[in-house]
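Listed below, chain by chain, are the residues.
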Amino acid sequence: MKLLIAEDDPFFRRILQQLLGSEFEISTAVDGNTAWTMLEQKDGPRLAILDWVMPGMTGPEICRLVRTTPRVASAYLILLTDKNSAADITAGLRAGADDYLTKPFDPGELRARVGMARRIVELQTDLATQVLALEDALQREKLLQTRVSLLRPSLHTGSLVSPVTVAEISK
Amino acid sequence: MWGPVSKASSENTGRRILIAEDSTANSISLLRTLESLGHQVVLASSGRQALAEFGALSFDLIFMDIEFPEMDAFATIQAIRDREQAEGGHVPIIGMTEHPASADRESCLAQGMDGYNPKPVTLEDLEVFLRAVAISEPLPLWRRPVLWDRARALQRLEGNEELLREVVGIFLDGKPKMLAQMELALLEQSPKILELAAHGLKAELAYLGVAEAGETARQLEEMGKKQELDNAKVLVARLRIQLSHVDGIMRQI
Numbered sequence: 126m127k128l129l130i131a132e133d134d135p136f137f138r139r140i141l142q143q144l145l146g147s148e149f150e151i152s153t154a155v156d157g158n159t160a161w162t163m164l165e166q167k168d169g170p171r172l173a174i175l176d177w178v179m180p181g182m183t184g185p186e187i188c189r190l191v192r193t194t195p196r197v198a199s200a201y202l203i204l205l206t207d208k209n210s211a212a213d214i215t216a217g218l219r220a221g222a223d224d225y226l227t228k229p230f231d232p233g234e235l236r237a238r239v240g241m242a243r244r245i246v247e248l249q250t251d252l253a254t255q256v257l258a259l260e261d262a263l264q265r266e267k268l269l270q271t272r273v274s275l276l277r278p279s280l281h282t283g284s285l286v287s288p289v290t291v292a293e294i295s296k
Numbered sequence: 292m293w294g295p296v297s298k299a300s301s302e303n304t305g306r307r308i309l310i311a312e313d314s315t316a317n318s319i320s321l322l323r324t325l326e327s328l329g330h331q332v333v334l335a336s337s338g339r340q341a342l343a344e345f346g347a348l349s350f351d352l353i354f355m356d357i358e359f360p361e362m363d364a365f366a367t368i369q370a371i372r373d374r375e376q377a378e379g380g381h382v383p384i385i386g387m388t389e390h391p392a393s394a395d396r397e398s399c400l401a402q403g404m405d406g407y408n409p410k411p412v413t414l415e416d417l418e419v420f421l422r423a424v425a426i427s428e429p430l431p432l433w434r435r436p437v438l439w440d441r442a443r444a445l446q447r448l449e450g451n452e453e454l455l456r457e458v459v460g461i462f463l464d465g466k467p468k469m470l471a472q473m474e475l476a477l478l479e480q481s482p483k484i485l486e487l488a489a490h491g492l493k494a495e496l497a498y499l500g501v502a503e504a505g506e507t508a509r510q511l512e513e514m515g516k517k518q519e520l521d522n523a524k525v526l527v528a529r530l531r532i533q534l535s536h537v538d539g540i541m542r543q544i
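Respectively, the protein sequence lines represent chains A and B. Under the working numbering, think of the first position of the first sequence as 126, with each following residue one higher. Under the working numbering, think of the first position of the second sequence as 292, with each following residue one higher.
Since the hints were made in silico from the structure, they are not lab data. Check the hints yourself; a few may be wrong.
[Unchecked claim] Rough simulated footprint, nothing fancy, chain A against chain B, three-plus residues with beta-carbon under 8 Å: (1) 342-353; (2) 479-491.
[What the hints assert, rightly or not] Pairs of lysine-lysine, DSS-like flavour, derived with a Cα cap of 30 Å: (3) K228(A) / K483(B); (4) K517(B) / K483(B); (5) K516(B) / K483(B); (6) K483(B) / K410(B); (7) K468(B) / K483(B); (8) K228(A) / K516(B); (9) K468(B) / K516(B); (10) K127(A) / K167(A); (11) K468(B) / K517(B); (12) K524(B) / K468(B); (13) K410(B) / K524(B); (14) K517(B) / K228(A); (15) K483(B) / K524(B); (16) K228(A) / K468(B); (17) K228(A) / K524(B).
[As the list claims (entries may be wrong)] Derived, one-sided and incomplete: chain B residues facing chain A with beta-carbon distance under 8 Å: (18) F365; (19) R447; (20) A494; (21) E495; (22) A497.
Since the model is a prediction, treat every value here as computed from it, not as a measurement. Glycine is no exception: its CB is placed at the ideal position from the N, C-alpha and C atoms.
Could you put the whole structure together from the sequences, leaning on the hints where they help?
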């Protein structure tokens, strides 16, 4: 799974990259604007760890932008912060973050939270696939019904349904 | 260990200070100022003499001209630091020069100094350094707190020694830049620059388990946030001294 790490401090970038590198396909951004460009790409990462304070857009600003951009709105965003007062955390979550990690983070907690994020992103992907399949099935059902209704008049008049037409309906 | 910034000035007297400088007029004016503040001052006019004095007495602070004849100032500092490595202790050394270029300042800090000051050293400069010394004074060895909780840092990196060496390297490489940013903030009286630089440093120090210096960085960040830079100069000097102690320990790994 793709994971974006947006962190301007090389110290934390390296730590996160090293701790999570074996589990994810990691891309990194050193400022907020680059992070946003990467997130909004087609096939971009659906999971991101965003530092709070960065040059360019801040973490919460990216969260807000992601949530108001329909194509990428479902991305899972974890804010990285050392502002651990309740008010700051609330502000981060209100901006649209799914979760947060406080520096200095414990590697166990990091793995647990990122693991939970991965499960949610996987569920979302499964769900999206199922929704697509369902939509597809509905579409076919609709088509079928249209065709059946087209046949009805001929049924009422008592004419025989030809084998060719039956085969066509069940396509 | 690190007291409040506003410590009574009476506690800042009676320091033993070594001035290693060749320009006599400058030394004497510095000596007079320091003595009038109640300090004991020893003058050395060459590197060799400075080393001899350092060997004979213990000092609380050393001012050293980095454009030193007879013996290279940096070699003198190295000799002092080598001796400290063997015998323990750490005397803050403040470099002085008549040509205050930023390159000078960085080379001073890279060469094992704790601070830097352009000549002439003013009374205000002296007070900053003396207060930094007073509030940063290491306790006797048996009461000294852990400057760097290496085990904690290692645990945060899941026991990965190689990664620890790597990130300590990143920290040490980035430290002069962050301190330079703080100096810039003081120079330009910019609370925002101070806040950002202190914020970054604080987070790294907390991760590495460097509590004392981390606390100073936190206070500096707070000052930046509140736009109160009055005591920032003393705190930056304190941070430099604290970090130089930590630096010495970290470079041993």
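Going down the list of hints, with the structure as the test:
1. Three residues within the 8 Å Cβ limit are the bar, and the region 342-353 of chain B against chain A gives 0, so the coverage statement is violated.
2. Counting residues of the region 479-491 of chain B whose CB falls under 8 Å from any CB of chain A gives 3; the rule of at least 3 is met.
3. The straight-line distance between the Cα atoms of K228(A) and K483(B) is roughly 21 Å, inside the 30 Å bound, and the hint therefore holds.
4. Between K517(B) and K483(B), the direct Cα distance comes to roughly 10 Å. Compliance with the 30 Å bound is thereby established for this hinted pair.
5. A distance of roughly 7 Å separates the Cα atoms of K516(B) and K483(B); the hinted pair therefore holds under the 30 Å criterion.
6. Between the alpha carbons of K483(B) and K410(B) the distance comes to roughly 29 Å, so the proposed pair stays at or under 30 Å and holds.
7. Restraint check for K468(B) and K483(B): the C-alpha separation of about 16 Å stays at or below 30 Å, so the hint holds.
8. Between the alpha carbons of K228(A) and K516(B) the distance comes to roughly 19 Å, so the proposed pair stays at or under 30 Å and holds.
9. Restraint check for K468(B) and K516(B): satisfied, since their Cα atoms lie roughly 20 Å apart, inside the 30 Å limit.
10. This hinted pair checks out: K127(A) and K167(A) have alpha carbons roughly 13 Å apart, not beyond 30 Å.
11. In summary, the hint linking K468(B) to K517(B) is supported, as the alpha carbons are separated by about 23 Å, within the 30 Å threshold.
12. Taking the CA atoms of K524(B) and K468(B), the gap is about 17 Å. The hint holds against a cut of 30 Å.
13. Under the criterion of a C-alpha separation no larger than 30 Å, the hint pairing K410(B) with K524(B) is consistent with the structure, at around 18 Å.
14. Straight-line distance between C-alpha atoms of K517(B) and K228(A) comes to about 22 Å, which keeps the hinted pair within the 30 Å bound.
15. Between the alpha carbons of K483(B) and K524(B) the distance comes to roughly 15 Å, so the proposed pair stays at or under 30 Å and holds.
16. Distance restraint check for K228(A) and K468(B): the Cα-Cα separation of roughly 21 Å lies within the 30 Å cut-off, and the hinted pair is therefore satisfied.
17. Between the alpha carbons of K228(A) and K524(B) the distance comes to roughly 27 Å, so the proposed pair stays at or under 30 Å and holds.
18. Of the supplied interface hints, the one on F365(B) is violated, with its beta-carbon coming no nearer than about 28 Å to a beta-carbon of chain A, more than 8 Å.
19. Contact between R447(B) and chain A, as hinted, is supported at the beta carbon level, the nearest pair being about 6 Å apart and thus within 8 Å.
20. A cut of 8 Å between beta carbons decides the hint on A494(B): the least distance to chain A is about 5 Å, and the hint holds.
21. Restraint check, E495(B) versus chain A: the minimum CB separation of about 5 Å is within 8 Å; hint holds.
22. Using the Cβ-Cβ criterion of 8 Å, the hint placing A497(B) at the interface with chain A is satisfied: the shortest such distance is roughly 5 Å.
This entry does not satisfy hints 1, 18, going by the numbered hints stated previously.
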